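**Q** I would like the entire structure built from these sequences, with the hints used as guidance.
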Amino acid sequence: MRGKQQIQQEVDKILDSLEGIQRATANPYLFTRIKASLQKEEKSYWTKAFIFISKPAVAATAVVIAIFINAAVFFESGTKTNQTSQESEQLFASEYNLSSDSIYDATIDQQ
Amino acid sequence: MDERILVEQLKQGDETAFKQIVETWQNMVYNTALGILQNAEDAEDVAQEVFVQVYESIATFKAEAKFSTWLYRITVSKALDHVRRKKRKKRFAYVQSLFGADNQTIIEKPDFNHPGVTLDNKERAAVLFKAINQLPENQKIAFTLHKLEGLSYQEISEVMKSSVSSVESLMYRAKDNLKKWLTNHYKNNN
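Going line by line, the protein sequences match chains C and E. For reference, each letter of the first sequence is one residue, going 22 to 132 in my numbering. For reference, each letter of the second sequence is one residue, going 4 to 193 in my numbering.
Bear in mind the hints are in silico, worked out from the structure with no lab data behind them. Since we're looking at a predicted model, the values are computed, not measured. Errors might be hidden in some of the hints.
30 Å max Cα-Cα, derived DSBU-like pairs, lysine-lysine [said to hold, decoys possible]: (1) C/K69 with E/K182; (2) E/K93 with C/K25; (3) E/K150 with C/K25; (4) E/K65 with C/K56; (5) C/K56 with E/K22; (6) C/K61 with E/K182; (7) E/K182 with E/K164; (8) E/K92 with C/K56; (9) C/K69 with E/K150; (10) E/K178 with C/K34.
Output of the computed footprint for chain C on chain E, the stretches with three or more beta carbons under 8 Å from beta carbons of chain C [stated by the list, open to error]: (11) 19-31; (12) 158-168.
Here are some of the chain C residues that sit facing chain E, going by a computed Cβ distance under 7 Å [claimed, not checked]: (13) E31; (14) I35; (15) I42; (16) A45; (17) N48; (18) F52; (19) T53; (20) I72; (21) I74; (22) I90; (23) S115.
Built from N, CA and C at the ideal position, the CB exists for glycine as well.
**A** Here it is in C-alpha cells:
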C-alpha cells in the first residue's frame with residue numbers, strides 16, 4: 022500500500038517537474054542561417070524543378086499518363102477508322118446499286 | 004514596434020522588418036520545436052524552415068489571427084513533418100539492417116534534457132519528456148504548448164483550430180496517459 026503511495030507521489034513529482042521551466046534560446050546566428058537558406062533557395066529554383074521531375078513517383082506517373090494517352094488515341098482512332106470504312110462501303114454500295122434492297126428490287130423487276 | 008506594422012513592412016519585402024520578426028519570435032519558435040522534437044539540432048533546422056516559410060508566405064497571412072498564433076501553427080506543422088520524416092528514415096534503416104544492406108547500427112536516442120529546466124528537476128523532467136514522446140500527436144502538441152510555452156487552453160485551441168472543450172479533453176487524456184506510462188516506468192525501474 023505504502024509502495025503504491027510512493028509511486029503515486031513520485032509520478033506527481035515527475036508531472037510537476039516542468040514547473041518554472043525557462044524558454045530555451047535559439048542560436049544567435051539563426052537569422053544568418055535563414056538568409057543563407059533563402060538565397061540558396063532562389064538559386065536552386067531550376068534544380069528543385071529538375072529534382073521534382075526526376076522523382077521516381079513523378080516520373081512513373083508521367084509514364085503511366087503517357088501510356089494511357091497513347092492507348093486512348095490508338096483505340097479512339099481504331100473505332101473511327103472502322104466507322105469510316107463502314108460508311109464508305111455503304112456509300113459505294115448505294116452508288117453502284119449494290120445494296121441488298123436494290124438487288125431484290127431488280128430481281129422483282131425482271132420477273 | 005507593433006507586430007501589425009512589422010507584418011505590413013515584411014509584406015512589402017522589407018528585410019529589416021524580417022530581421023526584427025526573426026529576433027522577436029525566434030526563441031518562441033525554437034522552444035516549441037524543441038519541445039516537440041526533443042533534439043536541439045532538429046529544432047534549429049525546423050526554426051529555420053519556419054522563418055523561411057514565413058518570408059515566402061507572408062502574403063497569405065490575414066490580420067484576423069494573431070501573428071504568434073500563425074507562427075505556432077507553422078512551427079507545429081513543420082515539427083510534426085520532421086518527426087514523421089525521421090520515423091520513416093528510421094523504419095527504412097531498420098529494414099535495411101534486417102537485410103544486412105547497411106552495417107550501420109541504429110543508435111538509441113539519449114535522454115533529452117531541456118536547457119530551461121531547473122537543476123533539481125533535471126532527472127525527473129528527462130523521464131517526463133520520454134513519456135511525452137509516447138503520447139499521440141494531438142495530445143503531445145496540446146501538452147507541450149501548455150507546459151513549455153505556457154499557452155492557455157483558449158490559445159491552444161486557436162493554434163490547433165479546435166474548440167476549448169476539445170483541448171481540455173486532449174489535456175485530460177494526455178495527463179492520464181502520462182500517469183499510466185510513468186507508473187509502469189516507475190514500477191519496472193524500481
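**Q** Work down the list of hints and note, for each, if the structure agrees.
**A** Hint check results:
no. : hint               : result
1   : C/K69 with E/K182  : violated, 46 Å
2   : E/K93 with C/K25   : violated, 37 Å
3   : E/K150 with C/K25  : holds, 26 Å
4   : E/K65 with C/K56   : holds, 24 Å
5   : C/K56 with E/K22   : holds, 9 Å
6   : C/K61 with E/K182  : violated, 46 Å
7   : E/K182 with E/K164 : holds, 27 Å
8   : E/K92 with C/K56   : holds, 28 Å
9   : C/K69 with E/K150  : violated, 39 Å
10  : E/K178 with C/K34  : holds, 13 Å
11  : 19-31              : holds (count 6)
12  : 158-168            : violated (count 0)
13  : E31                : holds, 6 Å
14  : I35                : holds, 5 Å
15  : I42                : holds, 5 Å
16  : A45                : holds, 5 Å
17  : N48                : holds, 6 Å
18  : F52                : holds, 5 Å
19  : T53                : violated, 10 Å
20  : I72                : violated, 16 Å
21  : I74                : violated, 21 Å
22  : I90                : violated, 33 Å
23  : S115               : violated, 67 Å
Of the numbered hints given earlier, the model fails hints 1, 2, 6, 9, 12, 19, 20, 21, 22, 23; all others are met.
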